[in-house]
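Q: Here are the chains, one letter per residue:
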Amino acid sequence: MEEKEIRDELASIRNLMERSSKFISLSGLSGILAGVYALVGAAAAYLFMQNNPVPRRMPLFEFWSNAANVLLILFAIAFIVLMASILTAFILSSRIAKKKGQPIWGKTSKILLFNTSIPLVTGGIFIIILLYQGHDAFIIPAMLLFYGLSLVSASNFTFSDVKYLGLLEIVLGLAAACVPGFGLLFWALGFGVLHIIYGSIMYFKYDK
Amino acid sequence: MKVPFEKLDKAFENRLRLQVMSVLMVNDRYDFNSLKELLDTTDGNLASHLKALEKEEYIMVHKSFVGRKPNTNYQATEKGKTAFKHHLDALEQLIKQQKTT
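If you read the protein sequences in the order shown, they are chains A and B. The numbering used here numbers the first residue of the first sequence as -18 and each following residue consecutively. The numbering used here numbers the first residue of the second sequence as 1311 and each following residue consecutively.
Chain B with its partners taken away, still in its complex shape:
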């Protein structure tokens, strides 16, 4: 049985990264604190995974200020969106293969 594990994106191996990406697929922009609340995670954990996604150029970072508070927004890049879709396709194929075998 040949399973296309290699088609799965390494960047999405971590669950939190995949979750961040799914949020950014349906929302133009999402800010750090809302992400943190939604995914129920810690500052450090979220920040490090966002960094990783940024390094892959899957997301863009927009920094601004609301009043005096810094407000960081994230947006998915075209590259990120394509990668996410490929990853989902690969997951789907895995299911199909397991069904036929």
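Bound-form chain A, shown alone:
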């Protein structure tokens, strides 16, 4: 066996170990785009709330009947941002997956999704509870915190860089909880700016 042959063999083993245990086809570009969508969404929400302030501190029934429309539109914005981000990530990542020979819906991506969804679903339910109980100041901190936790747990099953994004989201979430009234700003920072920075780093590091 020639030296080059052995080196190739060792390289292919390392590649296989990574490819079999981690989903390494996450697209950095989709992170950048998700950040852009989030900033557009945050701007839309800001402009909307300028004209339609969210009513606060009312009995539950009244709250829902008065605030329903305002909240519904804010939720619609968040929902559109979320769906657009997921769709973009899916399309761009499946292209990379094809190139790397990794199935988009295979063992690694399933494990990744499962581990991300535990903190995310918990957070989602918790946020609905916060909303019902009228603790609206903690909704955005909770979003950032649970999203950060889900990224940290995801980082074991994809690029480990995701961990640092997760930790930053957690720090932002805790900061947002300390300074109520600036929720949207923190939201734009966490879901917009951080995603753009992280996505760019990942794009130059792995996408090519």
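The set of hints was computed from the structure by calculation and includes no laboratory data. Worth double-checking, as some hints may not be accurate.
As the list claims (entries may be wrong) - Heads up, simulated BS3-like pairs for lysine-lysine below, C-alpha to C-alpha not over 25 Å straight-line:
hint, chain 1, residue 1, chain 2, residue 2
1, B, K1320, A, K(-15)
2, B, K1389, A, K79
3, A, K(-15), B, K1389
4, B, K1361, B, K1389
5, A, K(-15), B, K1317
6, A, K91, B, K1373
7, A, K81, B, K1346
8, A, K(-15), B, K1409
9, B, K1391, A, K3
10, A, K3, B, K1409
11, B, K1391, B, K1346
12, A, K(-15), A, K81
13, A, K144, A, K81
14, B, K1391, B, K1317
15, A, K3, B, K1346
16, A, K80, B, K1346
17, A, K91, B, K1379
18, A, K189, A, K144
19, B, K1346, A, K91
20, A, K(-15), B, K1395
Just so it is clear, the structure is predicted and the values come from calculations on it, not from any experiment.
Following the hints, complete the assembly by docking chain B onto the known chain A.
A: Relative to chain A, chain B alone:
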């Protein structure tokens, strides 16, 4: 020049077997279909090499059902893991020797 070819494991002479073993080193268990997809090989080819590894007692087979479909999972044994490490060490030594000569 004395090259320790004899230290290389015969069971890993085949590339696919070595690849299967590398996957099982970093994953507790891996199922047949995922292996097939990952290594881009055919049912028959993969099955025969898995049999060979099983015969060496390098891997364990777990059979179960998901719904009605049979689902076969593979797991590396301690013996298999040790053999894999020795094989890699031998490869490394080969490189070192070729460098010095």
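Q: If a hint holds in the structure, say so; if it doesn't, say that too.
A: How the hints compare with the structure:
1. B:K1320 x A:K(-15): 20 Å, holds
2. B:K1389 x A:K79: Violated, because 35 Å separates the two Cα atoms, which is more than 25 Å.
3. A:K(-15) x B:K1389: Since the Cα atoms of K(-15) of chain A and K1389 of chain B sit roughly 29 Å apart, the hinted pair is violated (cutoff 25 Å).
4. B:K1361 x B:K1389: At roughly 16 Å apart (the allowed maximum being 25 Å), K1389 of chain B and K1361 of chain B satisfy the hint.
5. A:K(-15) x B:K1317: Given pair K(-15) of chain A, K1317 of chain B holds - Cα atoms ~19 Å apart, limit 25 Å.
6. A:K91 x B:K1373: Answer holds: K91 of chain A to K1373 of chain B is near 21 Å, not above 25 Å.
7. A:K81 x B:K1346: 16 Å, holds
8. A:K(-15) x B:K1409: OK: K(-15) of chain A and K1409 of chain B at ~11 Å, within 25 Å.
9. B:K1391 x A:K3: Holds, because 20 Å separates the two Cα atoms, which is no more than 25 Å.
10. A:K3 x B:K1409: 33 Å, violated
11. B:K1391 x B:K1346: 21 Å, holds
12. A:K(-15) x A:K81: With a Cα-Cα distance of about 22 Å, the restraint between K(-15) of chain A and K81 of chain A holds, given a limit of 25 Å.
13. A:K144 x A:K81: 22 Å, holds
14. B:K1391 x B:K1317: 15 Å, holds
15. A:K3 x B:K1346: Given pair K3 of chain A, K1346 of chain B holds - Cα atoms ~17 Å apart, limit 25 Å.
16. A:K80 x B:K1346: Roughly 17 Å separates the two Cα atoms, so the pair holds.
17. A:K91 x B:K1379: Answer holds: K91 of chain A to K1379 of chain B is near 19 Å, not above 25 Å.
18. A:K189 x A:K144: Holds. K189 of chain A to K144 of chain A sits at ~21 Å (cutoff 25 Å).
19. B:K1346 x A:K91: 17 Å, holds
20. A:K(-15) x B:K1395: 20 Å, holds
In summary, the numbered hints that this structure violates are 2, 3, 10.
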